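One letter stands for each residue in the lines below.
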Amino acid sequence: MTLLQVQHVMKVYTTRFGGNQVEALSDVSFSVDSGDYIAIMGESGSGKTTLLNILAALDKPTRGSVLLNRKNIVQIPEKEISAFRRNNLGFVFQDFNLLDTFSIQDNIFVPLVLSGKKHKEMEQKLKPIAEKLGIEHILTKFPYEISGGQKQRAAVARALIADPELVLADEPTGALDSKSSDDLLQHFDYINAEGQTILMVTHSIKAASHAKRVLFIKDGNIFHELYKGEMSNEEMFQKISNTLAILAAGEDGNA
Amino acid sequence: MRNSFYWKMAADSIRKNWKMYFPFIISCISTIMMTYIIQALSTNPGLSEIPGGENLKTILSMGYFVLILFSTIFLFYMNSFLMKNRKREFGVYNILGMDKKHIMKMLAFETFYIAVCSMIIGLIAGTILNKVCVLLIRQMMGADVALGFEFSSEAVVWTLSFFIIIFLLILLGNISQIRLANPIDLLKSGNVGEQEPKTKWVLSIVGVLLTGWGYYIALTLQSPISGMPYAFLSAVLIIAGTYLLFTTGSIAVLKILKNNKKYYYQTSHFIPVSGMLYRMKKNAVGLGNITVLSVGVILLLSIAVSLYIVSGNKEADSQYAGNVISEVRLPEDADETGEEIKAKLRELIDQTASETNNTVTDVSSYTYLNLVTLAADDGFEVTKDAYSMLAKQSPASLYLTDQESYNQLTSDNVSLDENEVYVHGTDDEYTKDTLSLMDFQFSVNVMEDMEEFSLDNETTSLISDTYYIIVEDIETLRQIEQQQKEIVEDYAASTNVSTQISLEQGADEQQEIEFGEQLRSHMEQEGMEIVVVDSRTEAASDLQALRSGVLFIVLNLAVLLLLMTVLIIYYKQTSEAYDDKERFSILQKIGLNQSEIKKAIKSQILTVFFLPVIVTGIHILAIFLLMRKLMILVMINQVNLFPISVLIAFLVFLIVYVIIYRITARVYYKIVH
Ligand SMILES: Nc1ncnc2c1ncn2[C@@H]1O[C@H](COP(=O)(O)OP(=O)(O)O)[C@@H](O)[C@H]1O
Ligand SMILES: [Mg+2]
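As they're listed, the protein sequences go chains W and C. Residue numbering for the first sequence is 30 to 284, as defined by the working numbering. Residue numbering for the second sequence is 22 to 694, as defined by the working numbering.
Simulated from the structure, these hints should not be mistaken for lab results. Heads up, a few of these hints could be off.
What the hints assert, rightly or not - Between beta-carbon pairs, the in silico distance windows are:
#1 W:ALA204 / C:CYS138: 25 to 35 Å
#2 C:GLU110 / W:ARG92: 38 to 48 Å
#3 C:PHE97 / W:THR43: 48 to 58 Å
#4 W:MET30 / C:ILE680: 52 to 62 Å
#5 C:LYS122 / W:GLU263: 51 to 61 Å
#6 C:ILE680 / W:LEU87: 27 to 37 Å
#7 W:GLU107 / C:LEU230: 49 to 59 Å
#8 W:ARG92 / C:LYS623: 35 to 45 Å
#9 W:SER94 / C:LYS623: 28 to 38 Å
To be verified - Once the Cα atoms are required to be at most 20 Å apart in a straight line, the calculated EDC-like pairs of lysine to aspartate or glutamate come out as:
#10 W:LYS146 / W:GLU194
#11 W:LYS161 / W:ASP218
#12 C:LYS219 / W:ASP129
#13 C:LYS122 / C:ASP33
#14 W:LYS108 / C:GLU617
#15 W:LYS147 / C:GLU617
#16 C:LYS279 / W:ASP129
#17 C:LYS282 / W:GLU150
These figures come from a predicted structure and were not determined experimentally. C-beta: ideal position from N, C-alpha, C; glycine also.
The task is simple: from the sequences and hints, build the whole structure.
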């Protein structure tokens, strides 16, 4: 079943002074099925964050539409958009974005509290997720007391707690050492295996090799697409590397 | 590196940190301005010419010291805010290879810029405002309003040398801070990772107890004058309690709220409670400062308003029934009775009248003795304890006169037997049949409608219990005086002859003053021990001068404190806004919309703002009675208006406060956004 449809999305940034325009996305279309695990790869400046922000309804595209469960999120009025985000989307950021005023448990509760859920319900939801991510023992700690890997797992718990349709992750392994990265990607695999749809933006080949499908973005366009199929992580890694090499070569050729 | 480099660098750095420097420069300018004005007024030659002007100048020069003290504290405090925010920047310079000597040199250039700018602007503004003040004071004191430009070079020199010292001290303090710190410390200061504070129950309870104790003293203290050390203790207790309550009590309350899961996990409580708890450690002292300063502002303002109310009513100032009064001490040698002195005085008065072309319409004299005692079971006890500031019991003031004086004064016809007295209490009548005073035993007749003959009755009777006592004759009075001298020694009171002289209607102020001066010189020639010779005009002018002087200084201090409060709030809000910026941007990403963010910010700012106001209000209520007792000294019979003064002061304060709230809330929102 198709969960997300991105249709001819274009994004032009107009700088405030001088009015010169930057086309961050020119014409992006793709769709995501329920239970998919997608990685979007591209060099820095290729428009990944811009795309993710549009999918997250944090920003509006200049043109095009984004349908989540056949509902165009571009047209959701400003007032309802936060609630929509809380109820349908989960976020994992490169720099964790945990609030240091809250304990880990309270950080995870934030989306539920904002939705006005009962405390009992929150506790019930937290338990299995915390177990799954192996963070039960740090729930009462504060962000400055735990490691980066633990912080990112807490952030994943926060992304999952409201049972979102789609988890969006922007460079989730970007600030982690390689062991913590492996660990986090492992958790993403489990979560996806349980049916959670994940869309991840990354420029780490290793991270992308865990995904079922990899989209390559360049100069604001989807340039190429890879399916993992029955490949192992290592084989996928090799394939992505090759693709990136071709991509780079193409650039050299153009130059 | 050449000096021109430092000039440029210092100027750039002030411009870059303008948000931080602006309030500091404002503080410098206003303290310089106020110091200059008070100094210029206290040396203003024009003020000496109006009656009471000399007194005013004396008071102003005393207030000058208080102002200097406050200015110094204030500027150092503001500077500490500034340095806290700038240390990070210095740390970066240091790591980038600018050594400490250069940083210090740059700091010196910056200080120089600020000092020169604020001195120039402060003196210009001071000169203008000084003129306005002179005009206002002259008007208040009823002198002609003279226009013209006044510039006091003496005041300029004093103000400048004083502030140059302050700036040097501040610079030295900053330099030594930089020198002692290592670059990593410098880098870290400004954003130290705050841990969630722990609840300190014992300290919270101590805070409650201290505040309660302070309130108790304030509410039960009989006389703030004689009990001055207790009033002071009460102030110290309340201040200490306030700081404890803010630092530990607020955390305890927030923790309780947080532990109540039903309450805490609600959208409208979750963010503010956690946010406040998180930074209460840093915040609490600031809130305490704001509260203590606010109480100070309101008290000073209410005193100023009271003084203003009273000064509008000149007639009420004249305590004297006559135009001129004189009071002399009855000499020690016992053979001279009061009658002789009275006759001699009468002679001098007639002589003075003819010399000054005045007609005396009435002269009334009486002999009296004023004792400060403690009430005892069977009368009054004369003891040194009655003069002690630490006395548990408030003293009773006794005015004793002989029946002949009383009869002359009132044209009554009381007649007493030996060892018999008439007694009248101003607050409560004396209820016992006998009255013992040292070795004397009197049988008591209560006389409710006795004339309260002493001049300063209104003031004293409001501060302490006052009793008027008529004894049989002047001999008894003198015996009491003698015995009292042996007990209290240095504190001993003497028997005085008080005379009120009424001049013919239409005698003007000048004639009154002239009469008084002439009479005084005659009395001096006769070798009389003068207690006071005063004219109604002089007394009123002196009082008026006292009031306008005190009013002026009090108003200045109030403005200074208010400015301090405002700037502390401003610094606090801006630095917190920078802290919160990231927090709110994360919340927005997770799913908090604009209006929800606005609501959260509002409830947080509101708490930070109005918690101190509420505590201030409670403090003011608690010390109101004590203040009222103090204000009796100033407002005398108009003390009923004191609540209105407090109300006006509170309103003025609140208006300023709300304006500041509006401004800082906008600044805060702009930064967070
Ligand atoms: N707010 C913005 N205003 C103007 N240009 C922007 C803005 N955000 C991104 N861009 C530009 O859009 C392009 C894509 O940026 P981004 O989506 O951040 O790329 P990536 O995340 O792949 O590194 C870049 O050229 C960037 O400079
Ligand atoms: Mg990016």
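To see whether the hints hold, each was checked on the structure:
no.	hint	result
1	W:ALA204 / C:CYS138: 25 to 35 Å	46 Å, violated
2	C:GLU110 / W:ARG92: 38 to 48 Å	44 Å, holds
3	C:PHE97 / W:THR43: 48 to 58 Å	49 Å, holds
4	W:MET30 / C:ILE680: 52 to 62 Å	59 Å, holds
5	C:LYS122 / W:GLU263: 51 to 61 Å	58 Å, holds
6	C:ILE680 / W:LEU87: 27 to 37 Å	36 Å, holds
7	W:GLU107 / C:LEU230: 49 to 59 Å	52 Å, holds
8	W:ARG92 / C:LYS623: 35 to 45 Å	37 Å, holds
9	W:SER94 / C:LYS623: 28 to 38 Å	36 Å, holds
10	W:LYS146 / W:GLU194	18 Å, holds
11	W:LYS161 / W:ASP218	12 Å, holds
12	C:LYS219 / W:ASP129	16 Å, holds
13	C:LYS122 / C:ASP33	19 Å, holds
14	W:LYS108 / C:GLU617	10 Å, holds
15	W:LYS147 / C:GLU617	19 Å, holds
16	C:LYS279 / W:ASP129	16 Å, holds
17	C:LYS282 / W:GLU150	12 Å, holds
Checked against the numbered hints given earlier, the structure breaks only hint 1 and satisfies all the rest.
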